[in-house]
Every structure is written in C-alpha cells, then in structure tokens.
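There are 4 protein chains.
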Amino acid sequence: MESGTRTAVGMPPGRLLTLADGIFAIAMTLLVLNLRLPDGGNADLATQLAGLRSAFLTFVISFVVLGVFWFAHHQTFHFLVRVNRTLVWLSIGFFLGVALIPFVASVLGAHPDDPIALTLYGGAIGLLTVLGYVTWWYMTGDRGLVVEGMDPKLVRKVQHWIAVGPVIALVAIALAFVSPLVSLLIYVALPVLFIVFNPVDAYLERLRQNER
Amino acid sequence: MESGTRTAVGMPPGRLLTLADGIFAIAMTLLVLNLRLPDGGNADLATQLAGLRSAFLTFVISFVVLGVFWFAHHQTFHFLVRVNRTLVWLSIGFFLGVALIPFVASVLGAHPDDPIALTLYGGAIGLLTVLGYVTWWYMTGDRGLVVEGMDPKLVRKVQHWIAVGPVIALVAIALAFVSPLVSLLIYVALPVLFIVFNPVDAYLERLRQNER
Amino acid sequence: MESGTRTAVGMPPGRLLTLADGIFAIAMTLLVLNLRLPDGGNADLATQLAGLRSAFLTFVISFVVLGVFWFAHHQTFHFLVRVNRTLVWLSIGFFLGVALIPFVASVLGAHPDDPIALTLYGGAIGLLTVLGYVTWWYMTGDRGLVVEGMDPKLVRKVQHWIAVGPVIALVAIALAFVSPLVSLLIYVALPVLFIVFNPVDAYLERLRQNER
Amino acid sequence: MESGTRTAVGMPPGRLLTLADGIFAIAMTLLVLNLRLPDGGNADLATQLAGLRSAFLTFVISFVVLGVFWFAHHQTFHFLVRVNRTLVWLSIGFFLGVALIPFVASVLGAHPDDPIALTLYGGAIGLLTVLGYVTWWYMTGDRGLVVEGMDPKLVRKVQHWIAVGPVIALVAIALAFVSPLVSLLIYVALPVLFIVFNPVDAYLERLRQNER
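In order, the protein sequences belong to chains F, P, C and H.
No gaps in the numbering here: position 32 of the first sequence is 165 in the numbering used here, and each next residue is one more.
No gaps in the numbering here: position 61 of the second sequence is 194 in the numbering used here, and each next residue is one more.
No gaps in the numbering here: position 195 of the third sequence is 328 in the numbering used here, and each next residue is one more.
No gaps in the numbering here: position 126 of the fourth sequence is 259 in the numbering used here, and each next residue is one more.
No wet-lab data here; the hints were simulated from the structure.
Hints are supplied without guarantee of correctness; some may be wrong.
Cβ pair distances, simulated, as ranges [claimed, not checked]:
1) Ala322(H) / Tyr271(C): 52 to 58 Å
2) Val321(P) / Arg186(C): 37 to 43 Å
3) Tyr271(H) / Ala176(C): 51 to 57 Å
Now the stretches of chain H that chain F is said to cover, found in silico as 3 or more residues with beta-carbon under 8 Å [what the hints assert, rightly or not]:
4) 156-168
5) 280-290
6) 305-318
A virtual CB, placed ideally from N, CA and C, is assigned to each residue, including glycine.
Could you build all of it, start to finish, from the sequences and the hints given here?
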C-alpha cells in the first residue's frame, strides 16, 4: 500500500497496518464506555454529569495519547516495505499495550489522585514507548524491512524522539508517589510535546520544499 | 487509494481513511449497546421494550447523524492526496467528537426532554461541524493537500454547506431551554436536510452528465 | 479495489466497502457480549453455563445470519464501480439493520419462546432483506453504478434469490404467534438455505469453467 | 491486494481479509472489557487490582493466542488469490471461534482452576485449529484458489504445523480434569511454541537468502 521502491520477497505490510488501524480505532472508541451515567441514580442530570468530570478528562487525555501513538505508528511504518516474524510479534506486544489503555484509563478516571492508578497508566505508556523504541531500532537495522536509502539522520532523530517517552513515563511514575497532581499534569503535557515536535513530519516537509 | 494526479512527497491519506472508517463503524455499532433490556425486570417483554422507546429513537437519530458525518467525510476527503501533521490532528479531534456520540446519545435516550441532555448532544454535533468546517478550510488552502485544479466554486459551496451545521446546533441548544421538543425535532430534521441537499454529489453528477 | 473496466467519474466504492466490513465485523463480534456469566451467582459453573444455552444458540444463529448477509453484500457489491448519494443512504439503512442484530439477538436469547422477541428478530431480518432487494434493484438499474455488460439473467436470478428473504421473515413472524418453536426453527433454517443455494457463486464458477 | 500472478475469474480475497482483520482487532480489544474494577467496592485500589490477577493473566494469554491465530491466518492466506463459497463459510466458522475467545477468556479469568472453564477454553482453541487445518487443506487443493506453483513441501509442512494445535488442545482438555494447573500452563506454552517455530516465515526467509 504505502510501498517503496524495493520489491521484496516476503510478507507485505498491508494486513499488519489494517490490524493496527483496527485496534487503534476500537481502543479509541471503547474509551467512551468509561463515560456512563450511574444506574438508578436519584440525583439530577447535572449532578450526575459533574460526577463524570475526571472520567471525562481521562477520556480526552487517553484519546489524544492514542492519537499520538497512532500517528507515530503511521509515520514510522510509512517506511516499511516488508514484515517478518519478529516485527509481527513486536507489533502484537505493542497492540497489547494499546488495548490496555481503555482499562488503565478507566482506573485513572475512577481514582485520579491515587498513585497506583497513575503508576498503572504510566506503565502502559512506558510499555508502548519502550516497544516503539525497540521496533524502530529493529526495523531500521540492516534487515531489508524498510525502503532503501533511508536517511541515517532521520533514523537517529526518530530514535531520540521516541526515547523521550520512557523517560517521561518513569518521571511521571516516580512523581505519582510525591505529588499525584504533577504526575497527572505530565500525562496531559506528554501528548502536547509529541504533537508540537515531530521529526518525521518536519523531515517530509523539508523534502517537499527542496523538490519544488 | 482514492488518489488524484499529483504524486506528492509526504504521507498518503490511506491510513487516516482506514482509521476514520474504523472509528465511524465502531461508534455506529456501539450505539446499539444503549438498547438493553433492564436486568432482572419482572415486567413482561412488551412493557420492557416500550420502556426503550426513546432510547430506540435516539439510536436511529444518532445512527443517521453519524451516517451524515461519515458521508460528508467521505466526500470531502475524496479530494485529498496527502496528509500532514495539522490535518491529522484536526482529524483526531473530529474522531473524538465521533467517539462521543454513543455517550451523548445514551444520555439523551435516558433524558429525552432534559435541556442539559439536549445541550450535550448539540455540543457534540457542534464540535463535529466546527471541526469539519476548519478541516475543509485548511485542506483546500494552498498547501498541496488536495487534487490540483479544484473548482473554487465547489470549495465555497461545500464551505457554506458545512457552515449550516454549527448554526443549527446553536439554535437547537438555545431552544433546548425554551422547548425541549422543538430542540429534539431539530436533531431529527438536521440529517434529513443534509441527506436531501448535497453539493458534492450534485457537482460530481454534473461532471458525469457533461462527460457523456 | 474490486474495480471493473469502466473508469467512472464519481466516488469509488472503496470506503463504503471498508465501512461495511467494519460494521459487520463489529456486529458479529459484539454478539459475544450477550454471553455473560451472571454476576455474583452462587451456582457452580456448569449450572451457570447451562443457563446460557439459549443465549449461545442465538449467538450461533445470529453469527451465521450476519455471515449470510455479509457474503451476499460481498457478492452483490462485487459488481459495483461507483457509489452515489442514494446508494450510500440505502447502505446506511442496511447497516442500521446490521447494527440492530446484536440487540434483537440479546432479546431473543433471553426470551427464546416469546412471540414478541421472535417478531423483533424477524423484523430486523425483514428490514435487511427488503433493503438488500431495493439496493440490488437500484444499483443494477441504468445508473452507471455497476460494471458494464452485466448478464441480465444473473441480475434477475439474484433479485429472486433476495426476494425469498422478506417472504421467509414474514412467515416466521406470522408463525411466532402460532408456534414459537417452528418460528425459531425457520430462523435456524434460513441461513442454511442461503448457504446451500447461491446464484452468484454458481455463476462465477460457470464463468471459470468456460474460461479453462 | 496480496495478489499473485494468476488473474482469476471470481471473487478477489480483499474483503475477506478486511473482515478477518476487523474481527481479530475487535476480539483482541474486547478482551480488555474482562478487566473491570468491581462496582462499588470498598476495598482500596491495590486490593481491587490484586483481585484482577487471574483475569489479567487470561487477558495476556488470550491476546497472544489471538495474535498467533492472526499471524497464522495472515501467513496462510498470503498465498490466496481467489475466494469461493466453501472457503468463505470455512472462514466464517473460524471467525465464530475467534469471536468466542473473549467469552471463554472471561470464564477462565473468573474460574482459572475449574476443569469446565479450561475445557471451554480448549474447545475454542480446538475449533480454531481444526478449522484452520481444514481450511489449509481445502485452499491448497487443486481448486485454483492459491498462487500457481506452490512448493508442495511447504504445503505439507504447514499442514503438520497446524495439526499440532488440535492435539495440544485435546491434551490440555484431558489434563484439565487431572491437574488444572498443568492444563493452564499448556495454554501458556502453546503460543510460545507457535511463535518460536514458524515454517512459513522460515520458508520465506530462505527464499530471500537465495535471491540475494
């Protein structure tokens, strides 16, 4: 689909991408199931909705976090031309992390200032960023998985970009036990950072400018 | 996939469309989870089903509303040849609105004449139409995102067409506090309007007639 | 994707098919949510599972029914080269029927011998077959939506094939009030009939034989 | 999509693969719904999470098991160029097994040492492996469904590989009544075996080495 120039013997990446998009789409949409009016509540609607405040905040954060990971996946797998067994299993581990987000989000939504809930959330994000890092390292190695002639500078830049993730997750987890609020704010700030700073997009835009 | 003539450096739109279709498909199908017989009810089935009346009406309205937004997305993104960071984030915001529909529909189904439920519903629709407007404005600007040589008349017509959305959502929200029934009827009428009047379809049909 | 020879001005069918496959996949998988052990039951597991007997039967029937409709959709839309507004809205109505199946299945699973539950189930199937009939009639009309030179015999055969659906649904609904068991058996037999007799498959196989 | 050299009259496999990926993606993601904090629990979060231990283990096992089946599906259907009625119905039966995994996983998560829960789980895995075996046998028969000139050694190797599945499932079911723990450990070991030993991947890698 998003093929390059190399016609490789082996499995094309089409179905892995379809599975990825499916799992992201479902995880993002399942998040809404954490927003539920309490059954048989006697309180009026405004009060009931007010009770969903932190669940709603967690919904928005988690949706954007999944958006960040989807876009990063989209951008890094853009260079892929072939999949092999190791890459598939790295991906399935990554998808497991994606599927866990609705669960850790529901826990965080119900206990927004509990260090354990914040740790759980940071753990899922940490898992995703660590696997993302390993996946990028693996696929850009000399295994014939990506398009030929990739710019080594881009490869390194993306590597550093992803490496920020586990560091931030660790900091947020550590801070959860000191100040839950700061930890929560880090989870809010994380996606903003990744949205604003995006080396692949910058690289492709530069290519476009030069071509004109 | 639905490519044009320009071979652009940059990310092709394929995966964003797959994600969009996935999120729409899931949101549309999750709506059915709002239709549930009450657990452990002693009433007979007919009575239980009668109690789902307004939930069922909300299901149908919301399904058609999502259908309207899906078709509008399909038609406007038909002209896209390339995605960039800004467009992806506008889209993820739009998807967040789509994912919220099953929630606001469940609230409206349980409280069909509560101004707050109607406001919430109108808010989700307003978010979707505002983001749809901004997205169309952004992608048809001179950024090399759409097919070359787009008819400026079509661009403007679609812009006016989408702009109707936020206006209607605002009116429905305002009326929710005066007459909930009229507000509800507007949400019923909204999709009908968009189904009957469709500038992109009319434009493509005209192209077809001329070609014959 | 499954394109023909005609290069049509207009919207290619790719995204409508992706949406269709997504909605079918979700509706089929959501059926499993009707299989749930009762919360806080004191009975042993075997007893609890035995209580899910009719829910399980409904799960299997509904999964196969959705399989029948998916395959019929696949086969009839195989000939499509272009979508227009009317076809999209016929499809969205059809998808609404697909999304309703998990709900009517859950009602039938809980009340397998209640005429109302059987009527509801028959109503959903009736809606799907009627819309399927209208859709096939519309798309094979002279509107440039299907591949050129379709065999009129095949068009008519498929029309008769689909027309069996509403008739059977009506009979099953009528019998629900006389003998619920016979009505239920018809819903079991319906997919078998459609699996065994399939005019499109027979037609394509004949084409293949001639080509050899 | 993943087409071969033969241009076959008949239905291309694209939509069956899309449906497959959709159903796998949803089943994998729905597994997370089995992870739910108990409503209205008075216990602190750590205690509540500890109570989800076996549900979490089942989540991970089931996710990896579905990953194994998805990858095996991906690899075997890689050689497919055409679908017919029989193959579609074998596939729908296979998808039914996939859709059942979240249910049998929820039962096993709640009753990890109950022989009946282990039997149910083994039954679903047995169904999937038996149908996988029959499907591979059917599609590699002389029916024009796969790419021309498939290596008969590969065909046989894959057949033996899949045949291991039903045998292991039967052993695990038998042991469930003797030692539930050993039975559970087999379900843990099963995916590891399939991950480590993969004849299709080995075959394609060998092709790649020879080509260089």
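Hints versus structure:
no.: 1; hint: Ala322(H) / Tyr271(C): 52 to 58 Å; result: holds, 54 Å
no.: 2; hint: Val321(P) / Arg186(C): 37 to 43 Å; result: holds, 41 Å
no.: 3; hint: Tyr271(H) / Ala176(C): 51 to 57 Å; result: violated, 42 Å
no.: 4; hint: 156-168; result: holds (count 10)
no.: 5; hint: 280-290; result: violated (count 0)
no.: 6; hint: 305-318; result: violated (count 0)
Figure legend: structure checked against the earlier numbered hints; hints not met, in rising order: 3, 5 and 6.
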